[in-house]
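Participant: Sequence:
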Amino acid sequence: MRELPEIRLLALDVDGTLAVRGHEVSPATRDALHAVTEAGIVLVVATGRRYRTTRAVIDALDLPLSAVCLGGALVKQHDHLTLHRETFEPALHQALVDLIRRAGQSVIVQQDADIFGHRDVVVDDALPWNERTRAYHENAQPWAHPGDAAAEDHALAFSLWGGHDDMAALERAVRSAFPLRCATVRVPDPEGGDDSYLEILPAKVDKWTGLTRLALHLGVPSHAICAVGDAANDLPMIRQAAWGVAMGNAGPEVQAAADWVTGRHDEDGIVAVVQRILGR
Numbered sequence: 344m345r346e347l348p349e350i351r352l353l354a355l356d357v358d359g360t361l362a363v364r365g366h367e368v369s370p371a372t373r374d375a376l377h378a379v380t381e382a383g384i385v386l387v388v389a390t391g392r393r394y395r396t397t398r399a400v401i402d403a404l405d406l407p408l409s410a411v412c413l414g415g416a417l418v419k420q421h422d423h424l425t426l427h428r429e430t431f432e433p434a435l436h437q438a439l440v441d442l443i444r445r446a447g448q449s450v451i452v453q454q455d456a457d458i459f460g461h462r463d464v465v466v467d468d469a470l471p472w473n474e475r476t477r478a479y480h481e482n483a484q485p486w487a488h489p490g491d492a493a494a495e496d497h498a499l500a501f502s503l504w505g506g507h508d509d510m511a512a513l514e515r516a517v518r519s520a521f522p523l524r525c526a527t528v529r530v531p532d533p534e535g536g537d538d539s540y541l542e543i544l545p546a547k548v549d550k551w552t553g554l555t556r557l558a559l560h561l562g563v564p565s566h567a568i569c570a571v572g573d574a575a576n577d578l579p580m581i582r583q584a585a586w587g588v589a590m591g592n593a594g595p596e597v598q599a600a601a602d603w604v605t606g607r608h609d610e611d612g613i614v615a616v617v618q619r620i621l622g623r
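Under the numbering used here, the first residue of the sequence shown carries the number 344, and numbering increases by one thereafter.
Because the hints were derived from the structure by calculation, they are not lab data. All C-beta atoms in this analysis are idealised placements derived from N, C-alpha and C, irrespective of residue type, glycine included. Among the hints, erroneous ones may be present.
If you anchor each label on the Cβ, the simulated ranges turn out as follows [as the list claims (entries may be wrong)]:
(1) Asp491 / Ala546: 22 to 28 Å
(2) Gly447 / Asp402: 35 to 41 Å
(3) Pro595 / Thr425: 33 to 39 Å
(4) Gly536 / Ala371: 36 to 42 Å
(5) His423 / Lys547: 23 to 29 Å
Kindly generate the complete structure, drawing on both the sequences and the hints.
Facilitator: The structure is reproduced here in structure tokens:
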């Protein structure tokens, strides 16, 4: 295990790390994070969420935080302005939509509300939606709209909900068809259901690429970054940060990749991370 270096930036995943459930952050964790910022350490969130739902967690903390969203495809400053966005080039966008439709799935197109101020989600309406896709559309109101995914542009990420086997097969198909042009992340339903969530991103996009871009803008070197997470999409930043921390509720692969394992997210595991960083 590496020694804890001097940390100047603390990056936290949201679901399963910072948030206990939904947008809720415990009072103890909130107080600890205020102590971090008071000590002069930059605090950011790095999440697979889109920016609008990320903002709900940031608002719960009552701190002006920058954010890496959609698994690294979108980087937002604390003033809500977009620092960087990574989108699919048009031909790849079309090819992905065609492949997903042939698999009988409905894709959720994630966009930047800076461009489309009235929406940031388009759900492909070429095929009937499954129950989870329909629920996603309803929960994302009024910012989600049905539409032709092939006709959209500026797509930051493609998101899909479906059965475990269906999402695993689709992930294999995407990797086979576009081995160097896409990145994929597939995770089980965090609520323990029978579905999986599949995210497709432009190649070489992950939380670490987004985080290092933000850190460069903020003047923080990568050797002064601590990254904390619990899931597969946190692995790049946990492995490459100066000090990578896994939550106690993380799976074996994530814990094995970390320099240190803290407590569970629902037992204020973040508080222990802060105490280590601040030397308490």
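Participant: So, for every hint listed, does it hold in this structure?
Facilitator: So, going through the hints one by one against the coordinates:
1. Asp491 / Ala546: 22 to 28 Å: holds (24 Å)
2. Gly447 / Asp402: 35 to 41 Å: For Asp402 against Gly447, whose Cβ atoms are near 38 Å apart, the range 35 to 41 Å holds.
3. Pro595 / Thr425: 33 to 39 Å: At roughly 36 Å between Cβ atoms, Thr425 and Pro595 fall inside 33 to 39 Å, so the hint holds.
4. Gly536 / Ala371: 36 to 42 Å: violated (29 Å)
5. His423 / Lys547: 23 to 29 Å: holds (26 Å)
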